[in-house]
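Student: Put together the whole structure using the sequences plus the hints.
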Amino acid sequence: MSTSAKELALQERQTDKDLYSYQKGAINKIFKSFEDAPEDYHLLYQLPTGGGKTVIFSEIVRQYLKHHNKKVLVMTHRIELCKQTASMLTEFGVVNKIVSSKANLDDQADYSCFVAMVETLNNRLRDNKLDISDVGLVIIDEAHYNSFTKLFKFFEKSFILGVTATPLSSNIELPMKDNYDELIVGESIPDLIENGFLARAIPYSYNVGLTSLVVGSNGDYTVQSSDDLYTGADMLSRLLQAYEERCKGKKTLIFNNGINTSLYVYDTFRREGYPIMHLDNTATKKQRKAILKWFRETPDAILTSVSILTTGFDEPTVENIILNRATRSLTLYYQMIGRGSRVLPNKDSFNVIDLGNNFHRFGPWGEDLDWHRIFKSPGFYMDHLVDDEEIESNFRYEMPDELRKQFANSEEVYFDIRKAYTQSVKNGDSTKVILEQSIAQHAKICIENSEDVFDALILAKELGDDIDHRIDKYTKCISKSTHNFVSWLKDDYRLKLRSYLRENFDSIYETVHGHPPVEE
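Taking our numbering, the leading residue of the sequence shown gets 6, the next gets one more, and so forth.
It should be emphasised that the hints constitute simulated quantities derived from the structure, not laboratory data. Beta carbons: idealized from backbone N, C-alpha and C, even for Gly. Hints should not be assumed to be uniformly reliable.
[Said to hold, decoys possible] Keeping only pairs whose Cα atoms sit at most 20 Å apart, straight-line, the calculated SDA-like set for lysine to any residue is: (1) 485 to 387; (2) 485 to 416; (3) 501 to 432; (4) 424 to 482; (5) 294 to 312.
[Said to hold, decoys possible] Now the in silico label distances, taken between C-beta atoms and shown as ranges: (6) 187 to 469: 52 to 60 Å; (7) 462 to 521: 31 to 39 Å; (8) 466 to 287: 20 to 28 Å; (9) 466 to 254: 55 to 63 Å.
Tutor: Structural data, given as structure tokens:
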């Protein structure tokens, strides 16, 4: 898309009431369903985070009230969303009342539009405190949350419109197809990026061993098992390394699975002198407001959090998203990354650092998913997610950029253990041959980048992560992976590599360089 066309697209919406062409198209489709469907029809509308779902349904409310002599109810699942929705409706000229736990409803007859949190509304309806007899349209924000479905029984003669970025239920046992008659899919992420409405995600993946994680009853990884993994020195070091390689000096949002992990992250970054704050759902409103104000106003701020900022939070200046967790929830995956997707005049891309193999599990953010198929067959989709063991079996070790520079004279530094294993089986060789070949290849790249054996031995010490990766791959191939055996094998490999370098340095050096080492 040309710069002038992109600027024109961004200028198309001149005020808060003006809509983009794709938003107008969505509204027309939804109203067409109003006209053709029975009064108790349940319609689901999907649009990516940042596409303007609240803008769309606010305009729907405005037009509905203008042409129908009935009332509207908008439901949300969090107080922040409740207030944001009420504010947006007001901008569209819709006078509305928030049905909070403390709200006085004596004047409810004066309003045609109500905004309520699901639990509060449930209590008010159960106590007969709110008259809903004349509600013709019910709008449900973040409709993938199952807490809303218990209220459907109160609106058997109302048109229900659910809106969500991901039409996949938060509870796989309660698929959305059971509660909605039809899905309308909005503009895709690639199209929104192409037309300048969303920023492009630049992904960086750091392979992580996740087989220690436990899947809980909700279908996602438990907080306890995540805390055990992500509070370890290795994972904290990897997080810090990833930040320093890709995010340093830029506004960064870190998502964790547990409060304990987030606090460890906070302490780790504080010790290194980086500007960081921690936020979770135990913070008071005053604390939350102060932290978010600091985050907004500090150019290189780092905010470590626990899911609380996945919805109802909008900070366009975020330049980096770090997924310091693994998830099996497609919705959560899209919500977390979506926090960085807002565009600004000087921002059309953002970094996403994945420390939970989420890219491997779900594919790239922005991939054009078949939402209709996921809506109709959520069980099939979930059953075909790649499991962690399979993901890890396909890992390829990539040297960090700084380390790769020390091996600049080597055209290739990777050695495929899995391929070598397959070949050894085919040849009828002992599997020990694999490690001998690996040691020889490690020795060669060390010597290619050294002047003498002492330099080569120093470089060999830098290969620790690569050695561990190769041994882990090897032990999986031979199906022998007790902790003691793996630890012994890693130590033995290092000893044999050093010995191999001492014994073979001169001959390999001459083969590589065409002449023996120069003695000073």
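Student: If a hint holds in the structure, say so; if it does not, say that too.
Tutor: Do the hints match the structure? See the list:
Our distance criterion of 20 Å between C-alpha atoms is broken by residue 485 and residue 387, whose separation comes to about 30 Å. Simply put, residue 485 and residue 416 have alpha-carbon atoms about 32 Å apart, too far for the 20 Å limit, and the pair is violated. A C-alpha spacing of about 24 Å is found between residue 501 and residue 432, which places the hinted pair above 20 Å, so the restraint is violated. Between residue 424 and residue 482, the direct Cα distance comes to roughly 10 Å. Compliance with the 20 Å bound is thereby established for this hinted pair.
The suggested pairing of residue 294 with residue 312 holds, with an alpha-carbon distance near 17 Å, which does not exceed 20 Å. Evaluation of the 52 to 60 Å hint for residue 187 and residue 469 yields a pass: the beta carbon distance comes to about 55 Å. For the hinted restraint 31 to 39 Å between residue 462 and residue 521, the CB-CB distance of approximately 18 Å leaves it violated. For the pair residue 466 and residue 287, the beta carbons lie near 44 Å from each other, so the given range of 20 to 28 Å is not met.
Evaluation of the 55 to 63 Å hint for residue 466 and residue 254 yields a failure: the beta carbon distance comes to about 30 Å.
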